[in-house]
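Undergrad: Sequence:
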Amino acid sequence: VQFYFLYGGDLQSHEGLFRRIAYDLEGRLQDYLNPELQTSIQAIQLEMTFEFSRQLDHYKQNILRSLFSMLSLPPNEHEPLLEKDLSYVLQQSPRLRNLKPTDYICTYLHISQYDWDPELTPAATRWFINEFCNRGELTTTTPVLFFLAIEYDETDDALRQEVVAALETAESLRPLPELGMVHQRDIGRWLERYKQVSPNSRSRRDLLKNIFGSSPEHYMEDVELELKKIIDQYNNNIVQ
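The numbering used here numbers the first residue of the sequence shown as 17 and each following residue consecutively.
It should be emphasised that the hints constitute simulated quantities derived from the structure, not laboratory data.
In the SDA-like style, the derived pairs of lysine to any residue whose C-alpha atoms are separated by at most 25 angstroms in a straight line are:
hint : residue 1 : residue 2
1    : Lys116    : Arg44
2    : Lys225    : Glu237
3    : Lys211    : Asn226
4    : Lys116    : Ser85
5    : Lys244    : Arg221
6    : Lys244    : Arg218
7    : Lys100    : Asn150
8    : Lys244    : Arg35
9    : Lys211    : Asn251
10   : Lys225    : Ile203
11   : Lys211    : Leu243
12   : Lys245    : Glu31
13   : Lys244    : Gly43
14   : Lys116    : Leu89
15   : Lys245    : Pro232
16   : Lys211    : Tyr48
17   : Lys245    : Arg201
18   : Lys244    : Glu42
19   : Lys244    : Pro51
20   : Lys245    : Tyr39
21   : Lys244    : Ser231
22   : Lys211    : Glu233
23   : Lys244    : Gly32
24   : Lys245    : Arg218
25   : Lys244    : Asn226
26   : Lys211    : Arg44
27   : Lys245    : Ile203
28   : Lys225    : Arg201
29   : Lys244    : Ala38
30   : Lys100    : Arg142
31   : Lys245    : Val198
32   : Lys245    : Phe228
33   : Lys244    : Arg201
34   : Lys116    : Ile60
35   : Lys211    : Pro51
Here the structure is a predicted model, which means the values were calculated and not measured.
All chains, full assembly: derive it from the sequences and hints.
TA: See below:
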């Protein structure tokens, strides 16, 4: 079981990075070179949210209710949830049957700036890792990856400092670099890699300038939105 921490401004698409990692684990990032490329590896993508509570036990309970529901386990039928552990969930979930040792279980837990608490959130995280996930002996041979994503307003430096301070004392949690802006060169590099969407250098240059202007950097959510439009237009032209 591995735990990763994603943090950054709320316009930097934490979820997009999570999905990219899952696709990479499946070996699907190279399929633009060969659309017929097949892979036998699955990276199950599971996304969960939860209701915030100022009482720590309710906070924990709400996390587990979300986890059980996401894994097709009705929470009320598996009470008391706080007495269960990750091994129990992995054994019981119908969504995780027939997975191979080469597959991956990727779980994304989103925590917005409105759900962040400088004391409750780190305390619940420590409990989840040290007690819920590491309490029992896991029998699964499939790697389990948890991504805890904290989002905050770009201008809220105080909240950012709280998150960074919590990271510095975290144990068994691997912080990924803070999500930052996307540089114009990175977008140009993407257009060069997937040049089938715009078959010549001049059209790619015009596309980059017309859509993204002259700004040297952009928010990832904005970039994803514009690139999706380019991909959709390309796919529609193929269908026509």
